[in-house]
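Going line by line, the protein sequences match chains A and B. So the first sequence is numbered by my numbering: it starts at 1 and just counts up by one. So the second sequence is numbered by my numbering: it starts at 1 and just counts up by one.
Hints are computed from structural coordinates only; laboratory data are not their basis. Every residue, glycine too, gets a C-beta built ideally from N, C-alpha and C. Accuracy of the hints is not assured; some may be wrong.
[Unchecked claim] Take a look, some chain B residues computed to stay more than 10 Å from chain A by CB distance:
| # | residue |
| --- | --- |
| 1 | Val93 |
| 2 | Val95 |
| 3 | Thr142 |
[Claimed, not checked] Some, not all, of what chain B presents toward chain A, calculated at C-beta under 8 Å:
| # | residue |
| --- | --- |
| 4 | Pro22 |
| 5 | Ala28 |
| 6 | Leu67 |
| 7 | Ala73 |
| 8 | Val90 |
| 9 | Asp135 |
| 10 | Ala161 |
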Amino acid sequence: MRRSVQSRRGAVLTGAGLLVALLIGLSAFGLLAPVEGLVSAPLEWLSGLINRAAIGIDTAVEGNRSYAELLDYVADLETAFARQQSEVVALREFASDYQRLADLVAYTSAAQTQDTIAADVIARDTSSALRTIVINKGSREGIRTGMAVVTGQGLVGRVIEVTSSASRVMLITSEASAISARNQRSRAEGAVVGRASGELRMLMLEPGADVQVGDLVITSGLGGNLPPDIVIGQVRSTRQFESEIEQTAEISSLIDFNRLEIVLVVTGFEPIDLSIFEATAPTGN
Amino acid sequence: MGNYIGLLILAVSAVLQASLLPFLTYGAGTPNFVFLFVLAWSINADLRQSVTWALMGGIVLDLLSALPLGTSALGLLLLVSTVSGLGERVYRVGVLWLAGLVLAGTLFFEVYRLTAVFVYRAIGILPQDAGAAIDLVSDFTTVVLPTIVYNFILIWFVYFAVRRIQRWLREPVS
């Protein structure tokens, strides 16, 4: 009797184990992608609805400040506005000079040719170890793997998976993400990597590189994966030990990745595949 | 009937985990509702039903994740088979038993998923940029530990709710 119960138990577990192994194999090689897209669509739709409602409530709660706090807030904004007015005038002058010079050499920057598609964030990864989001635009709207995803406040991430009606985006805060970046003021170059805590760190800065707290960090465009000059974040602190051969900087993104609602997918930039050069480069042997 | 209700509960749990929880939690870790429901159900259910819940829960989790389908199901399957095996030796489910199960279970499941992510990245199934710095120790302290704390707090409510449903359904209990 006991042996029969145990053999039935073994059969159930073996059957389930084989089924799961088959699923993992098929899914890992992308053979289940159409089915996964179809089955996950209603879940993503429901998730999108709840996400919208949560953002609405969160915004209402955040916006419910006291009158005194609002007065302080308005005063801060007015001060910042006045300071930036003078900067805007100076920048307009620079832009006009730049345009004249660019016309002379018939130069078109990548930023001027960027078309974008707006998309709603409908879900976040159920695994805390993976920092990805799902957006409600897919291959039907022209989204392709590798495209950059941004908001008005800067870089969000890169598309890593596309179905007909949705796409998965790996956030820049993911540990698997490394982006070629530069300091906007000093032009010091490095790589911004995500961390498990959801923060960003700039690595590979030269030991004497001029990096100061408050500097803006932007994409450099090196590697050809992302367009240049997209804001990644602001330097929060720097660190350099004598024993280390590089300097690192902690970066704060201006984006709240837990409260993303609408993002823009940059469709006008074609990622450049540089692997061909790696394949044909002389090895030196 | 129990399986239909299970599918509904697990699907809603996964959706809430993917949409609402990031607004309610602090830091990188989040409670894993699907895990909690599968664990709570398997404590007082037979193996066949527990396996069904593990499969359903794992699949809905992976449908809303970048992980290949079946990855979480395998982790949950290992979990419920262990719970079922241990359950045969336990006469009554007490507070200590439940606390031990949720602590050890969450630790196992989160480390399992972390290892799966690490392996998938290493063999190229999940993307990883050149130069990206994977820090497993940091992953453990910022993701796994907070998840254990969240799950430990929530298991009592989930277990109570699951027991009510199981009694209502008159499913076999140990």
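Outcome of the hint check:
1. Val93: Val93 of chain B clear of chain A: closest Cβ-Cβ about 20 Å, beyond 10 Å.
2. Val95: Label holds. Min Cβ-Cβ 27 Å, cutoff 10 Å.
3. Thr142: violated (4 Å)
4. Pro22: Holds, because the Cβ-Cβ distance from Pro22 of chain B to chain A comes to roughly 4 Å (cut-off 8 Å).
5. Ala28: At about 5 Å, which falls below the 8 Å cut-off, the nearest Cβ of chain A leaves the hint on Ala28 of chain B intact, so it holds.
6. Leu67: holds (6 Å)
7. Ala73: holds (5 Å)
8. Val90: violated (17 Å)
9. Asp135: holds (6 Å)
10. Ala161: violated (19 Å)
Hint compliance for this structure: hints 3, 8, 10 are not met, and every other hint is.
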